[in-house]
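Asks: Chain by chain, the residues run as shown.
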Amino acid sequence: MPSNSGSRSPESMQLDLYSVGKYTPGAPLWKQLLWYFLGSPMTESRLLPFSAMKVQLLRSFGAQIGTGVRIKPGVRIKFPWRLTLGDYVWLGENAWIDNVAQISIESHVCISQQVYLCTGNHDWSKSEFSLITAPIHIETGSWLAARSCVGPGVTVGRGAVLTLGSVATQSLEPMKIYSGNPAVLIKVRVEIPFKAQPGVK
Amino acid sequence: MPSNSGSRSPESMQLDLYSVGKYTPGAPLWKQLLWYFLGSPMTESRLLPFSAMKVQLLRSFGAQIGTGVRIKPGVRIKFPWRLTLGDYVWLGENAWIDNVAQISIESHVCISQQVYLCTGNHDWSKSEFSLITAPIHIETGSWLAARSCVGPGVTVGRGAVLTLGSVATQSLEPMKIYSGNPAVLIKVRVEIPFKAQPGVK
Amino acid sequence: MPSNSGSRSPESMQLDLYSVGKYTPGAPLWKQLLWYFLGSPMTESRLLPFSAMKVQLLRSFGAQIGTGVRIKPGVRIKFPWRLTLGDYVWLGENAWIDNVAQISIESHVCISQQVYLCTGNHDWSKSEFSLITAPIHIETGSWLAARSCVGPGVTVGRGAVLTLGSVATQSLEPMKIYSGNPAVLIKVRVEIPFKAQPGVK
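Chains as they are written, first to last, in this note's numbering: chain A, -5 to 195; chain B, -5 to 195; chain C, -5 to 195.
Keep in mind that the hints are not guaranteed to be accurate.
A pair holds if it fits inside one copy or across any two, identical chains being indistinguishable in the list.
[Claimed, not checked] Below, computed lysine-lysine pairings styled on DSSO-like, alpha-carbon distance capped at 27 Å:
| no. | residue 1 | residue 2 |
| --- | --- | --- |
| 1 | Lys170 | Lys25 |
| 2 | Lys181 | Lys120 |
| 3 | Lys25 | Lys66 |
| 4 | Lys66 | Lys120 |
| 5 | Lys120 | Lys16 |
| 6 | Lys25 | Lys120 |
Keep in mind the hints are simulated off the structure, nothing from the lab.
Let the sequences and hints guide you as you build the complete structure.
Replies: If you want it as structure tokens, here you go:
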């Protein structure tokens, strides 16, 4: 038996053996530190309520961001270089984009207040509790309502809705509404097109 | 087809068409800015743990507040002019009163830590994703436990309890206890009156 | 009838009668204030990402902490003198240890981001809404995933897992995985030992 077995669990994980596996942060250390100490406090600041400067800042750190994007105060982004936002994306107050893996958000998506997007996981079947990361993909026209939460590897389908406080660890199908923890399908989303005209669908 | 159709969803919302509908913030811009940049940081501050100054501040911005109210540090209030608190109301640490619509809390109510009260919604059936707001009414003697969450339009009945981390998007009946996400009725609340005396019920 | 009965609920709690019962904070007032105004802001600071100084600080306020402990930024601890951490414990970003009662975390435990550990409760069957506190005990090798929540009096058994955003108000059995709100058993955890060798289990 190992000498410090008293503090170890014989059958479950041992964090002194922890391994990040193949994971890399995707940017040199100086860039990570610069983002952490200077950039991130700016996107999180309540004193910068307007979006333009924050969008420029994120782009300068490698984020790909379209037009018409609104970033509310208190938004926390782990790694801008692993973030893609389309056009007219909203990031609500205190949303937390925890993108150790890539997070891609297509156009016309609303991420409401306090949403948490989690891309990190651990292999609980291994004593070394290896880090597992998986991207999140959020398709056009979807809405993650306030305080909802999305787990690693999830795809939120086109036009899907996740309701207030719901938790999704499985992918959401297009044009469907999910609710609860765990989130389950509760309704189909049907939209009335804006000023529908002939030839414009 | 419109020229930027590539970034638009044909069937779901288009945030460049976003409309706040009939919504108004209920105060002139200068007052909103003054609250956002000066008032709100004070109610949120960890350096002002005592309630008296915060109660006065909220009243000066239009909140109606009774006696014996306790406001813990980290409380965020969107619009004081849309807030009514009775007597002996407690707002716990980091509670978030997101009152774009009126929030009325009657007397002897405990709002615990990290509770989120959400009065904003969106019409997901419309491409313009119109803002819909609805008031929250919390009746006497009820308790929203830590990290619980209440949605737009909900009435929390007299003496109702919402347990730790629960999410209520439907109204709660008086003297009943709700739990889970979605919150479901789990128990009837029965109270033993304090020092019951003849003639005092 | 009492004169201010208009603001009182006849059948449910009356917060002007509130009682903390037998509860005591476990430290003199000067120590509580020193922790609140000087110590706690340091463990919560985003400017102190490294653990060593925070571990020393917590020990100087009475916490019992082993070796190899990692404390991420944004961690909030109510009372260090009611905290015991074994070896190789991780406290994730913005975890909130609300230990009005004792919280004991054994070795090789991962408490992820935004986890909330709640030791305070109220007696909703009494008009005076008495404070009830109960300790939390988290055994070796367990994992509370991001944004999960554990209630008063809970024991998290050896090697148990509580998944993303789940809420546990009941104790969790060893080597089992719980999910949802309320958290329910979803799976048994089986671990492959690290470099299993003859004679080492």
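Asks: Measure nothing new, just compare the shortest in-copy and cross-copy C-alpha distances for Lys66 and Lys120 to 27 Å and report within, between, both or neither.
Replies: between (39 Å within a copy, 23 Å between copies)
Asks: Within a copy, between copies, both or neither: where do Lys181 and Lys120 come within 27 Å Cα-Cα?
Replies: For Lys181 and Lys120, the Cα distance is within 27 Å only across copies (16 Å; inside one copy 38 Å).
Asks: At most 27 Å between alpha carbons: which applies to Lys120 and Lys16, within, between, both or neither?
Replies: within (15 Å within a copy, 44 Å between copies)
Asks: When no copy is specified for Lys170 and Lys25, does a C-alpha distance of 27 Å or less occur within a copy, between copies, both, or neither?
Replies: Answer is neither; intra-copy 39 Å and inter-copy 40 Å both fail.
Asks: Given identical chains, is Lys25 near Lys120, meaning Cα to Cα at most 27 Å, within a copy, between copies, both, or neither?
Replies: Neither: 32 Å inside a copy, 42 Å across copies.
Asks: Evaluate Lys25 and Lys66 at a C-alpha cut-off of 27 Å and name the case that applies: within, between, both or neither.
Replies: Classified as both; 24 Å inside a copy, 19 Å across copies.
Consistency with the previously given hints fails for numbers 1 and 6, ordered from lowest to highest.
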